[in-house]
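Engineer: Here is what each chain is made of, one letter per residue.
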Amino acid sequence: MSESLTSPLVTPQRVTTQADRRRQEALTGFGFIAPALTILIVFLVIPLIAAGYFSLTDWNGITPLTREDAYQFVGLRNYERLLIEDGIRQERFFTAVKNTVYYVLGVVPTQTFFALILAVIVNQRWLRAKDFFRTAFYFPSITSSVVISLIFMFLFSSNGLVNQFLHSIFPGYRDVTWLNDPNGIIHNFLGLFGITRASVGDWASTEIASIRLWDWISGPSVTMLMIMMLNVWTTIGTMMVIYLAALQNIPGQVYEAAVVDGANAIQIFRHITVPLLRPTTFFVVTVGLIGAFQVFDQIFVISNGGPANTTLTIAYLVYASGFTDNRMGQAAATAAVLFVIIFTFTLLQRRIVGEQAIE
Amino acid sequence: MRKFLLVTGVLCLAVVFSLGGAVLAQDEVTLQLWGASSGEAENRALEEQVAAFEEANPGIKVEITFSPEYETTLQTAFASGEYPNVFYVPQARIAEYASSGVLDTAEGKLTDPEDIYPSLAEVFTVDGTFYCPPKDFSILGLEFNRALFDEAGVEYPTADWTWEDLQSAAQAITDATGTPGLVISADLDRWMAFYVQAGGELYNEDGEWVFGEGDNFDAAVQALELWRSMREAGTLVTPAEVGAGWNGEAFGNGAAAMTVEGNWVIQFLLDTYPDLDWGVVPLPAGPAGEGTLTFTVCLAVGADNAYPEESWALVDFLTGPEGSRMTAETGFGPAPARASTADLWLEARGEEYSAFVDAAADAVAPILPVGFTAFRDTLNGNIQQVIDGSMTPEEAIEDAVSVAQDLLDE
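If you read the protein sequences in the order shown, they are chains R and H.
Letter 173 of the first sequence, counting from 1, is numbered 173 in this note's numbering, and no numbers are missing.
Letter 325 of the second sequence, counting from 1, is numbered 1325 in this note's numbering, and no numbers are missing.
The set of hints was computed from the structure by calculation and includes no laboratory data.
None of the values given here were measured: they were computed from a predicted structure.
For glycine and all other residues, C-beta sits at the position ideal for the given N, C-alpha and C.
Treat the hints with caution; some may be incorrect.
As the list claims (entries may be wrong) - Computed footprint of chain R on chain H; a stretch qualifies when at least three of its residues, placed anywhere within it, have a C-beta under 8 angstroms from a C-beta of chain R: (1) 1073-1081; (2) 1086-1100; (3) 1211-1218; (4) 1384-1391; (5) 1398-1407.
Take the sequences, apply the hints, and build the full model.
Structural biologist: Structure follows, in structure tokens:
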């Protein structure tokens, strides 16, 4: 651009100054990003501001906003109810927090680990039918989550394939009602040793944030476990593709050098592949974390937050408060808290994995 | 570049104008009618009725929209202020919608409103104002599978069955055939029927919520204890445990000998399980006598409405004598809400379904106070836990009552 300005071959018809050109370029630039920018503003920025605004009101989500008395400002009342005040709102919110945290702790490490392993496998030169495996592993990620949820409901129903399969392996197996079992898996595990709420003593009944200590350590319920498996299975594909791209970016010379130095396959994987994939791992974990905190559709299709509120996640609580409980203000406040949680976790995660990765 | 901007601008203008044009002048009135749909049969029934209305009222056209996530869709329409002229309101939502000021009142706008079952009209009366006429209703009955009863050599249920009869028949069938006697979802929309049979009340005479308080506590415990003991005896299962999505499907599959469902199950069983030999009787009587639940939907007219007169004409036609007759004769199962057409419905459906209309006058609508979602979730979860044996009936009710108290105190 600037070369052509000084070129003697160009004889401008009118004088075009540097500033004119800049303006022209800026205009063109805005022209190109305008569609994306409009969509972002309309569907992201405005709703974000609106949600923040409504979280300070008592709007019920029904009364038309065109009316003057549709809502009143209640200040931070909604947040107070969720976070501080003992009672049903706090209990529901922290039940959702508990369920979501178990979900995230289960899903994110598992999917990251398996995605890496799968990516390494389908990246091997000796593997035949590579394309088939890559497609097969990626396929669940591009299928509608509703369809997959329905298929899983079919597989996991009490006389579904999963139970039948388990029957054929373990003849004494007692059918698990996967779709409707509120028992926490940690409780179940402790139960094997005869440890129950009654047997551990009074401390277990102490309430923190309206939830008994004993219930805090329940672990995900059996139904939640099933939804976690579903999500791990569907997300692995996407994560695998990201890892695969990164793996192919690692220069071959590094591996050759390692082989010359006498490293075996496991050493190469641990000391070369994993460290070089660090930036990718950061990305995969961050995206996984954000996705996992926002889990909604599978729960909407499979369990509606039940049984016994054990699959009530924060995102589902937002929907339930807004649309079945008619507390849109409360729903907006819940969404705002979810945003803060995700933001904090991402920052924290960046501290832990990120810093070296970004260098 | 300029060309690009010009083209974009022209396109934008074109979009704006075409949107504007669509809502410009119309020579006849078009009403928007929104409904929830349970399936093809229901859609067809409504379309036929609307066609009859359009024929009788030239100049009024009705555009029907069925949406799958009905309440969510309707709520966002309310919020925007641009909502349909006429729409279904499920009984659970009436108080919320009425208090949000989106419903016109039905007072003085209907033909012969005394003919509507008073128990149903009351469902749609909030603070003394009658908002919308019910379009039809369903009540819970006890469906039984004749083949399984025959196999076990147990006599068919009758209208004067009690809880003991239910328990002993379920036991005999479970023992003789290995098929559980009763399939029922751990859900207050079924369980409340047993609560009512045990003498429980939802509201007192002043309209205050009294679930589980005083004598109602014992009634609630008794009703849960019945389910718990049947569960312990192995005669009660939930649909999920037998791999079904709901009671009707489990019953149709022959996974249990009896279930508790409403009128909607009739067409479903006839269509999906044509070979099933089944019958229906009123629910068994509990310690305090008979009792069942009713489920109904009304047709409401929006408060912000450009054509209130035409809208009420449509509602009056659909829920009035003519519409009720059509609901009775060519409907998809639920009975019309007018007492005068009960016989027509029986005639069209067959005498064997009389259980679905007989108790209409004193069936209870299981409506919770506004904002009681947390109570619903809690009680449903607790019923499940009582069935699982991880909670006693007393604990379950105490917990639910304390949640209700929290909600009322808010």
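Engineer: Counting residues of the segment 1398-1407 of chain H with a beta carbon closer than 8 angstroms to any beta carbon of chain R, are there 3 or more?
Structural biologist: Per the Cβ count (3), the hint holds.
Engineer: Are three or more residues of the segment 1384-1391 of chain H within 8 angstroms, CB to CB, of chain R?
Structural biologist: holds (count 4)
Engineer: Within the assertion that chain R covers the segment 1073-1081 of chain H, do at least three residues meet a Cβ-to-Cβ distance smaller than 8 angstroms?
Structural biologist: As far as the segment 1073-1081 of chain H goes, the hint holds, because 5 residues have Cβ atoms under 8 angstroms from chain R.
Engineer: Examine the segment 1211-1218 of chain H for residues whose CB is less than 8 angstroms from any CB of chain R, and state whether their number is three or more.
Structural biologist: Violated: only 0 residues of the segment 1211-1218 of chain H have a Cβ under 8 angstroms from chain R.
Engineer: Can you tell me if the segment 1086-1100 of chain H counts as covered by chain R, using C-beta to C-beta distances under 8 angstroms and a minimum of three residues?
Structural biologist: Satisfied; 3 residues make the cut.
Checked against the numbered hints given earlier, the structure breaks only hint 3 and satisfies all the rest.
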